[in-house]
Amino acid sequence: MEDLGENTTVLSSLRSLNNFISQRVDGGAGLDASASAPGSLQMQYQQSMQLEERAEQIRSKSHIIQVEREKMQMQLSHKRARVELERAASTSARSYEREVDRNQELLTRIRQLQDREAEAEEKMKEQLEHSRQCKQSLDAANKRLREKEDGLAEASETISELKGRISELHPRTGPARREGGSGRLAIGGRRPCTHV
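The opening position of the sequence shown corresponds to residue 1 in the UniProt record's numbering, with each subsequent residue numbered one higher.
Be aware that a few hints might be false.
In silico lysine-lysine, BS3-like type, Cα no more than 27 Å apart, as pairs [said to hold, decoys possible]:
(1) 163 <-> 148
(2) 135 <-> 123
(3) 148 <-> 135
(4) 135 <-> 125
(5) 71 <-> 61
Calculated from the structure, these hints are not laboratory results.
Make a model of the complete structure from these sequences and hints.
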């Protein structure tokens, strides 16, 4: 607000100086003979010096105002650049945060997939172990079955051999038994002699 008031004062002073100089130039041709008196010249000289001093002050003030204006423009440019830089930094920070969140989600999904893969691998190992145990049990059962079949085959062969031997022995023992039986009857039919 003070700068605006000073600017207004300087502009008003410049206008007054320009008007005064114009009036002095326009009125110079109509000066009468009395205006050429020494007192009048001294007064004009003093006024001229005052005007020069005032003009110098106005020029200095104008230069100061120009410098202040350039300074304000530089400050505004700096402020604008800082605001744009802060906005860009904020945008970059938000993008970085989104990227971090996205990477975190991907890591979480990767861990979940790794856990599922580990569980599936563990289940597969369990199934393979179960299959191996079942195969071992099946092999043992097949072995026992083969042993039983071999035992049955040996038993059948033994039975067949025994039957064959019995068949071979039966024709030989049959007549002997009949002869032995008749002999016993003959011996049994004799009676001992008794003396009366």
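Structure-based check of each hint:
1. 163 <-> 148: Measuring from Cα to Cα gives roughly 22 Å; hence the hint holds.
2. 135 <-> 123: holds, 18 Å
3. 148 <-> 135: Since the Cα atoms of residue 148 and residue 135 sit roughly 19 Å apart, the hinted pair holds (cutoff 27 Å).
4. 135 <-> 125: holds, 15 Å
5. 71 <-> 61: Judged against 27 Å, a Cα distance of about 15 Å means the pair holds.
Checked against the numbered hints above, the structure violates none of them.
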